[in-house]
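J.: Listed below, chain by chain, are the residues.
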Amino acid sequence: MIQTILDALSYGGLYGLAALGIGLVFGVMRLVNFAHGELIAIGAYLFIITIDLGLPISIMIAVTGTAILALLMELSVFKRLRLAGPSVLLIASFGVSIFLQRLYEIIFGALPISGQIAPWMSGVIEFGDTTITRGSVLTIILALVLLAGMRFLIENTTLGLQIRAASSDFQTARLLGVRSNYVIGAAFVFSGVLAAAVAFVLVTQRGSVDPLFGINITILALVGTVIGGLGSLQGAALGGFAVGMTISLLNSFLGNYRVYTYTWLFILVIIVLLIRPSGLISNKAFKERA
Amino acid sequence: MANELLKSSQLPGVTRFHWQQLLGPILVVIVLTYLTSGVSASFSYLTEGTLALLVMVLGLQVFIGNSGVLSFGQAAFAMVGGFASGLLTVPIKIKENVLDGLWEPLKAVNMGIWPSLVIAVLVGALFAFITGLLLMRLSGLAAGIATFALLMVADNVFFNWKLIGPGPQVMPQVPKFAFVDESLVLAVIVIVIVYLIGISRRGRLLRATREDALAARALGASVWHLRVLFFTVSGGIAALSGAMYAHHAGAVTARDFYLGFTFTTLAMLIIGGATSLWGAVVGTVLVTAIGQVLLVLEGGVNFGSVEFTLPNGARGLVIAAALVIILIWRPKGITGGKEFALPFLKLKSTGRQ
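Chains E and V, in that order, give the protein sequences. Numbering-wise, numbering that gives the first Met the number 0 puts 165 at position 166 of the first sequence, and it's gapless, one number per residue. Numbering-wise, numbering that gives the first Met the number 0 puts 74 at position 75 of the second sequence, and it's gapless, one number per residue.
Please keep in mind that the hints were generated in silico from the structure rather than gathered at the bench. No experiment lies behind these values; they were computed from the predicted model shown. One or more hints might be untrue.
[As the list claims (entries may be wrong)] Computed list of lysine-lysine pairs in DSS-like fashion (alpha-carbon distance at most 30 angstroms, straight line):
hint: 1; chain 1: E; residue 1: K78; chain 2: V; residue 2: K331
hint: 2; chain 1: V; residue 1: K106; chain 2: V; residue 2: K94
hint: 3; chain 1: E; residue 1: K78; chain 2: V; residue 2: K337
hint: 4; chain 1: V; residue 1: K175; chain 2: V; residue 2: K106
hint: 5; chain 1: V; residue 1: K161; chain 2: V; residue 2: K106
hint: 6; chain 1: V; residue 1: K94; chain 2: V; residue 2: K175
[As the list claims (entries may be wrong)] Over the 10 angstroms line for every Cβ pair with chain E, so calculated as not near, a few chain V residues:
hint: 7; residue: P90
hint: 8; residue: I93
hint: 9; residue: V97
hint: 10; residue: P104
hint: 11; residue: V117
hint: 12; residue: L140
hint: 13; residue: R329
Even for Gly, the Cβ is constructed at its ideal location relative to N, Cα and C.
For reference, chain E alone in the conformation it holds in the complex:
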């Protein structure tokens, strides 16, 4: 029972991190970034390739590399689509996503590359007669630390203030002197950093990486971002958290029928969208105009 709750919380935390990464970019430029999964994948590749240099160096390289790729995405593609609507941006990011998957296939091969990143993340902790997995506890801690860090950054720094302003009303923020390209670039960099953190947890759990590594979590986090509330950063994190929790709980309670977890999850997603098209925590500026 305790393990079930911890699993749900750690899943929720992980998906919350991924969703916050997507939500940050969505907030400033209304892009639902499918290619976030490929940021997670490059993070995982970098971790596995550089782990022999020691974990601290590996972390530095993975985080920097992922952030750079995120910024490259923005500069090479999304910067040129500033006037496009969200649906066009979504399709463009779909294209970027497939492009990077194939690029990874060409560079790293289609087969999984395996490696041990942080062996201390596996194993169990015993409390009397209950045992809990160490990975889930550490994931929860990492998620909490990063979410708190992002919160501090967004609430207490000038850059964070600008991102919040741009998220709630981009045009007005621009008029008031927020440099749009700078803020959007920063949002991409932060989303890259968060992607690297997600990559760290995932690659530790799975022990291998392949070109399609990031797809699954991105689809789910993306859905979390949308149902959480378009344009609200808390909404994104909460939505991702809710999706992660729901998956974990459905997995536990569906028993033998757990192969249908996604069916129930996505039916719930459709219901939420029908009841609240602009998300659970909606932001006035992002309401659709019918």
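Chain V: place on chain E using the hints.
T.: Same frame as chain E, now just chain V:
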């Protein structure tokens, strides 16, 4: 702010019937079909598969192009169509031996390809109608994500539920089309339907809602009704495409109609130009041609003494790059979203369109 996909203020689309706009694409498809399928057996097979994809892209065009609403869900109806037509035509013996979990009444059914195609279209359209009633309440991004959720549900159900199919395995021994002509006839019929429904009163009204929903409402258009109608038609066409694919490949699995299929067909539509029938045709032909050339290069080609080989994955890389570049440089697609027109035969009514 442009919430919807590919708004095109200067392009209300075709409003009146013009023979060349209909006959042009049909002739191009017929000529290309016979030119390529005559080359070799493997080209004939490729052509047949491309015709199934063309039908899918046309199905996407009729909804996405006219309504301007993005849908990732049409592949779900292709899945429905492929499975329906497959289940209705696979020999009973095979079903008993391979598809052991199948629902008993389904095990006993067996019919020819043509009646099964009709049923597949009807079932696909019915599913599209029912889901459309709910999903067409949404627009913009929420519609995109909700239709995506629909695709995920369909994939999950078809991949696991053995009562209605092979589950994660392959449904084998689906009877194949004998000639490429069958697929060609079906594709031409779909072209005619898509063109006629596009220029119909409802088609024009739906395009009006794409450009300006408020103004269209003032004209008495119910956005919801129109979108449900076109979503249903589009679902039926997508189901036909899935069924054609099943009878083309001789086997069908749930994963034939998943993210890769969705991406390829959407890319074809957008590269060609989503707002026109001609765009759907051009996009399908072009992406297939590029893919084919790259496939040959991936196998290795000798230029004199120099062997040139592209790495695996180059195909997807180029097509994805083409999609992104088209979105940046020519968001209305290669055709500019315009219908087929002979360069020396200007339409008389251009000024009034």
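J.: Are the hints correct? Go through all of them and say.
T.: Going through the hints against the structure:
1. Proximity of K78(E) to K331(V) is assessed by CA-CA distance (about 18 angstroms); at most 30 angstroms being required, the pair is judged to hold.
2. In summary, the hint linking K106(V) to K94(V) is supported, as the alpha carbons are separated by about 6 angstroms, within the 30 angstroms threshold.
3. Restraint check: the Cα-Cα separation between K78(E) and K337(V) comes to about 27 angstroms, which is no more than 30 angstroms; the hinted pair holds.
4. Only pairs whose Cα atoms come within 30 angstroms are accepted, and K175(V) paired with K106(V) is accepted, the gap being roughly 19 angstroms.
5. A hinted pair counts as satisfied when its Cα atoms are at most 30 angstroms apart, and K161(V) with K106(V) qualifies at roughly 12 angstroms.
6. With a CA separation close to 16 angstroms, the supplied pair K94(V) and K175(V) stays within the 30 angstroms bound.
7. Every CB of chain E lies more than 10 angstroms from the CB of P90(V), the least distance being 28 angstroms, so the non-interface label holds.
8. Non-interface call for I93(V) relative to chain E: holds, since the shortest CB-CB distance, roughly 25 angstroms, exceeds 10 angstroms.
9. Every Cβ of chain E is farther than 10 angstroms from the Cβ of V97(V); the closest lies at roughly 20 angstroms, confirming the non-interface assignment.
10. Remark: the non-interface label on P104(V) is consistent with the geometry, its nearest Cβ contact in chain E lying 23 angstroms away (cut-off 10 angstroms).
11. Look at V117(V): its CB is around 29 angstroms from the nearest CB on chain E, clear of 10 angstroms, so calling it non-interface holds up.
12. Separation of L140(V) from chain E is inadequate, the least Cβ-Cβ distance of about 5 angstroms not exceeding the 10 angstroms criterion.
13. With a closest Cβ-Cβ approach of about 12 angstroms to chain E, R329(V) is found to remain outside the 10 angstroms limit, as its non-interface label requires.
Hint check: a violation occurs at hint 12 only; the rest are consistent with the structure.
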